[in-house]
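Asker: Chain by chain, the residues:
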Amino acid sequence: MSPDVRSLLRRGLTRRAWLLRAGLLAGSGLLAACAPGAPAAPTQAPAAAPTAAAKPTTAPAAAPTTAPPAATTVPAAKPTTAPAAAPTTAPAAAGKRGGKLTWALEQDPVHLIPYGAVPTANMWGKEFMYDSLIAWDRNLAIQPALATEWSAPDDHTYVFKLRQGAKFHDGSEVTAEDVKWGIEAQANPPPPGIKTQYPAKITTIDAVDKYTVRINMSGPDPSVIGYFAWQRYTPVTPKGIYDKVNVLTQGIGTGPYKLVEFVPNDRVVYTRNPDFWNKDLPYLDEITLKVLPDEQARVAALRSGAIDGGTFTADVAKTMANDRNLTVLKGLYAAHKEIQFVLKDAKNPWSDVRVRQAINHAINRQDIIDKVFGGDASYSSIIPPGYGDWPLPEADLKGNYLKYDVDKAKSLLQAAGFGSGFEMELQSINPPRYITQSAEVVSEHLKAVGIKANVVPLEIGTFAKNNADGSYSGAQLTARGMRGDPNGYVTEFHPKTPIFATWFEGGFLNDELTKILDDALLTPDQAKRKQLYTRAQQILLTELPHIPLVQDMKYQVVRNRLKNMYVSYTDFNTGLREAWVEG
Amino acid sequence: MGTYVLRRLLLLIPTLFGMSLFIFLMLRLLPGDVVDLMTAGQEQATDESKRKLREAFGLADPLPVQYVKWILGLLLRGDPGKSLRSGQPIGEALGQALPVTLELTLLAVLMATTVAIPLGVLSASHRDSGADFGGRVAGLIGLSIPSFWLATLTLLFTSVVFGWVPPVSWVPPTSDPLGNLEQMLLPAAALAVQLMAIEMRMTRTTMLEVLGQDYVRTARAKGANDRLVTYRHALRNALIPVISVIGFQIGTLMGGSAIIEVIFGLNGIGATLIQAIFNRDYPMVQAAALFLATVFVVINTSVDLLYGYLDPRIKHA
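Protein sequences appear in the order of chains P and C. Mapping of the first sequence onto the working numbering: position 82 corresponds to residue 549, and the numbering continues sequentially without gaps. Mapping of the second sequence onto the working numbering: position 218 corresponds to residue 263, and the numbering continues sequentially without gaps.
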């Protein structure tokens, strides 16, 4: 059982309230993934109850989770009561208050616009000053944030109850009007924002009273909950923020830290928000995010103490493992690597499913893991490992769907009429170099079955253009990112998704899959959803319009004085919200 | 002389114009634009929303229209536009970056010159001595070491051996001169090494040439002492070509400091330019590249003019 559900029970909620909450938590699509090896959280929690169990909104919603962070190794982090994503009633703070911290960003945040910003680095810049209605904790379980409760009275409606007395950094109180305005801004973000992940079924938003927001939908969509936990897209801002500040370099949020200044290409400086709604947080007086794109420069700065932590590639992180002053953290993050095809032209060899299957079985994923990722990565399904218990079990991938089997690959090619092989292009992003290195290893594997795959490393801009308009022949090896709901990992294979026309129209369509994907969005019952997405992945790993490869680890190295930091699965630096420093 | 100066200045106009066109077109030859990058991997991004964004950014216009809009904005309003990625006014962005690059460059030139010229003179006046050989070897090494390699190595060295790296946050020299120097000394030194080698070798060569001239022999013959001959008669003449080399190198250094800026996390023009290229931030790249090119051309022209002034033997029709 996931820790958050256990703690809900401990708090003595009524069974009905628990059912509702468990259903909604599960509805996030992201039930807690416990530490690797531990049994995964159940998805068979009951579906969202149709009526809200009214509970006083002033009551704190959930006690803190007590689970240790998954796959992290912060030294001396006190094992109990630490995680502070949970609100208000957490027992006395375990962390030490005060002190400053400097964290290195490997990319410039470019701007801090609240809505419609796609680059991950944008989120790195702004994540400490904003909150969403709800939030993922370190185990990807959904926790209350600015909303203390949420419910689905029927399958066309979601209702969020706001935390009373939560204040923006300008001193004004967070009201339903602000939330409504913000969600409407997400539907139509001003440039340089662009709408990408906004749930299409949201029709209107009502501010029912000062602390109640109702979201009206044209139909059921269980992925909405995950969307509102995805703070990258759904921060809560005061109404009319665009007229109040220059959102490119400023912001007004409710988060644990207030923005002091953002100097593009240089630094972001935050100071403690003394009025943060969770009284136990934050611990630090000041956080400075310093843009340091050069990895060796980050190493030098970290070793000398000029910065307290940052993200590093696996090889470089391992060179620092022996430094007594440093601690290496690692963890899965949502960025699995995969091979993508454009399947519109029937003349291409890879338009034949047998050729794609042959390529799939010719690839030795363990070899990629050993050669490129230092032995430290997992096989990835269509939904990456670590994403709750939605992905197919690794044993099933290793032994069946993604099995390395050269003989099978050869006979599949033979059957497809390509027994003597063929030549193709395999484009890869460069930098980062591990994408291109993966492509080179794959190219070696394909050689063994007679396919000559020429690796073409491309700078990201060129690669992105080819990817977006499908204007390449051959395959692309790329990395995926975080999604708010499992649906996000399969939606590109549905004919209604915009990118489908570019990649697959006329070349790939699976009616059973389309129906499953439709059904999964009409099904609030998490157990049934799990079955549907399991079946969808089985179909996709047989048809292989895209071939998932591996999911590597993200490495962050910190000075020992930095406590309670963890590698966030979302690829953000969320841990800094609850981190503290000693000495 | 007046006509010569005027002609040189007029020649700047077509040069800069051609350069602006070249920069504009080269950039657009790169596949992919800022919208492609922003929506990379976003399966939900519709063509409609991409089109809207391109229109908002002015990327939907035909290329000639885009070019004319840019040039007119630049010439008539002095406005290089706004960054497509960050929306920041480019004038402001470059205004923040310029002091960093300028200081880095000037500091590097200062360090290079104060070391290189005495060394060059020493090398030349003690030709084929141990000091000369030592200087020449050091010069060759300095010339051959890539500055980015030196920069990374210096950083790792000071951090491992002394547990120290330059502070990572930029402090303007006006508010904290010492703190600023602490931050800039290492990057400037890394940038200076190559220039130092060039200047030292140049000084040595021209000094040797001048020391062999008749008037130097005459000076010695009339009984002037070595020091006077070297510094009064020879050095002043030998320095003319060295000065022109320093001038040319300032432009090169301003652009060449990009990699040093990235390594040391300094927010200079070069680092801004590199970031903008990766972002396909057209107006930002255009402005930064055109700025660097203009600095280069203007410095070269001034050096040419100055050269004529310093050396009256150069006649101008």
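Don't read these hints as lab results, they were simulated from the structure. If you're wondering where the values come from, they're calculated on a predicted model, not measured in any experiment. Be aware that a few hints might be false.
Just a sample of chain P residues kept apart from chain C, beta carbon distances all over 12 Å, derived [stated by the list, open to error]: (1) Asp637; (2) Ala643; (3) Pro658; (4) Val691; (5) Asp710; (6) Arg765; (7) Ala781; (8) Glu926; (9) Gly973; (10) Thr1001.
Simulated pairs of lysine-lysine, DSBU-like, Cα-Cα distance not exceeding 35 Å [as the list claims (entries may be wrong)]: (11) C:Lys114 - P:Lys838; (12) P:Lys706 - P:Lys634; (13) P:Lys811 - C:Lys97; (14) P:Lys875 - P:Lys982; (15) P:Lys811 - P:Lys634; (16) P:Lys711 - P:Lys746; (17) P:Lys811 - C:Lys114; (18) P:Lys746 - P:Lys677; (19) P:Lys668 - P:Lys567; (20) P:Lys785 - P:Lys811; (21) P:Lys668 - P:Lys870; (22) P:Lys647 - C:Lys95; (23) P:Lys668 - C:Lys114; (24) P:Lys668 - P:Lys877; (25) P:Lys811 - P:Lys668; (26) P:Lys706 - C:Lys97; (27) P:Lys706 - P:Lys567; (28) C:Lys114 - P:Lys982; (29) P:Lys668 - C:Lys97; (30) P:Lys811 - P:Lys746; (31) P:Lys711 - P:Lys811; (32) P:Lys865 - P:Lys914; (33) P:Lys995 - C:Lys114; (34) P:Lys706 - C:Lys95; (35) P:Lys811 - P:Lys563; (36) P:Lys995 - P:Lys982; (37) P:Lys563 - P:Lys634; (38) P:Lys711 - P:Lys814; (39) P:Lys814 - P:Lys746; (40) C:Lys114 - C:Lys95.
Every residue, glycine too, gets a C-beta built ideally from N, C-alpha and C.
Asker: Hint by hint, note whether the structure agrees.
Answerer: Evaluated hints:
Every C-beta of chain C lies more than 12 Å from that of Asp637 of chain P, the closest at about 22 Å, which supports listing it as non-interface. Distance to chain C confirms Ala643 of chain P as a non-interface residue, since its nearest Cβ pair spans about 27 Å, more than 12 Å. Distance check for Pro658 of chain P against chain C: the nearest CB is about 4 Å away, which does not clear 12 Å, and the non-interface claim fails. Interface exclusion of Val691 of chain P from chain C stands, the closest Cβ pair being 14 Å apart, more than 12 Å.
Distance check for Asp710 of chain P against chain C: the nearest CB is about 15 Å away, which clears 12 Å, and the non-interface claim stands. At the 12 Å boundary, the C-beta of Arg765 of chain P falls inside the reach of chain C, the nearest C-beta of that chain being 9 Å off. No Cβ of chain C approaches the Cβ of Ala781 of chain P within 12 Å, the least distance being about 19 Å, so the stated non-interface status holds. Separation of Glu926 of chain P from chain C is inadequate, the least Cβ-Cβ distance of about 7 Å not exceeding the 12 Å criterion.
No beta-carbon of chain C comes within 12 Å of the beta-carbon of Gly973 of chain P; the shortest separation is about 17 Å. The claim that Thr1001 of chain P is not at the interface with chain C holds, since no C-beta of that chain comes within 12 Å of its own (minimum 21 Å). Among the hinted pairs, Lys114 of chain C with Lys838 of chain P is inconsistent with the structure: their alpha-carbon atoms are about 51 Å apart, more than 35 Å. Annotation: proposed proximity of Lys706 of chain P to Lys634 of chain P holds, straight-line Cα distance about 13 Å (limit 35 Å).
For the suggested pair Lys811 of chain P and Lys97 of chain C, the alpha carbons sit about 27 Å apart, so the restraint of at most 35 Å is met. Of the supplied pair hints, the one linking Lys875 of chain P and Lys982 of chain P holds, its CA atoms being roughly 30 Å apart against a limit of 35 Å. For a cut-off of 35 Å, the pair hint linking Lys811 of chain P to Lys634 of chain P is broken: about 52 Å separates their Cα positions. Between Lys711 of chain P and Lys746 of chain P the CA atoms are separated by roughly 27 Å; this keeps the pair inside 35 Å, and the hint holds.
Straight-line distance between C-alpha atoms of Lys811 of chain P and Lys114 of chain C comes to about 39 Å, which puts the hinted pair past the 35 Å bound. Note on Lys746 of chain P and Lys677 of chain P: the hinted pairing holds, with a Cα-Cα distance of about 22 Å set against a maximum of 35 Å. Distance check on the hinted pair: Lys668 of chain P and Lys567 of chain P sit about 44 Å apart at the alpha-carbon level, beyond 35 Å; violated. Between Lys785 of chain P and Lys811 of chain P the alpha-carbon distance is near 43 Å, which puts this suggested pair outside the 35 Å criterion.
The straight-line distance between the Cα atoms of Lys668 of chain P and Lys870 of chain P is roughly 39 Å, outside the 35 Å bound, and the hint therefore fails. This hinted pair checks out: Lys647 of chain P and Lys95 of chain C have alpha carbons roughly 25 Å apart, not beyond 35 Å. Annotation: proposed proximity of Lys668 of chain P to Lys114 of chain C is violated, straight-line Cα distance about 40 Å (limit 35 Å). Between Lys668 of chain P and Lys877 of chain P, the direct Cα distance comes to roughly 46 Å. Violation of the 35 Å bound is thereby established for this hinted pair.
A threshold of 35 Å between alpha carbons decides the hint, and for Lys811 of chain P with Lys668 of chain P the separation of about 29 Å falls inside it, so the pair holds. Straight-line distance between C-alpha atoms of Lys706 of chain P and Lys97 of chain C comes to about 24 Å, which keeps the hinted pair within the 35 Å bound. With a C-alpha separation of about 32 Å, the suggested pairing of Lys706 of chain P with Lys567 of chain P holds against the 35 Å cut-off. Annotation: proposed proximity of Lys114 of chain C to Lys982 of chain P is violated, straight-line Cα distance about 50 Å (limit 35 Å).
Taking the CA atoms of Lys668 of chain P and Lys97 of chain C, the gap is near 21 Å; set against the 35 Å cutoff, the hint holds. With a C-alpha separation of about 56 Å, the suggested pair Lys811 of chain P and Lys746 of chain P falls outside the 35 Å cut-off, and the hint is violated. Among the hinted pairs, Lys711 of chain P with Lys811 of chain P is inconsistent with the structure: their alpha-carbon atoms are about 48 Å apart, more than 35 Å. As the CA atoms of Lys865 of chain P and Lys914 of chain P are separated by approximately 21 Å, the hinted pair is consistent with the 35 Å bound.
For the given pair, Lys995 of chain P sits about 57 Å from Lys114 of chain C by alpha-carbon distance, which is inconsistent with the 35 Å threshold. Restraint check for Lys706 of chain P and Lys95 of chain C: the C-alpha separation of about 26 Å stays at or below 35 Å, so the hint holds. With a CA separation close to 58 Å, the supplied pair Lys811 of chain P and Lys563 of chain P exceeds the 35 Å bound. Of the supplied pair hints, the one linking Lys995 of chain P and Lys982 of chain P holds, its CA atoms being roughly 14 Å apart against a limit of 35 Å.
Of the pairs offered as hints, the one joining Lys563 of chain P and Lys634 of chain P holds, with about 24 Å between alpha carbons and a cut-off of 35 Å not exceeded. For the given pair, Lys711 of chain P sits about 56 Å from Lys814 of chain P by alpha-carbon distance, which is inconsistent with the 35 Å threshold. Only pairs whose Cα atoms come within 35 Å are accepted, and Lys814 of chain P paired with Lys746 of chain P is rejected, the gap being roughly 63 Å. Note on Lys114 of chain C and Lys95 of chain C: the hinted pairing holds, with a Cα-Cα distance of about 22 Å set against a maximum of 35 Å.
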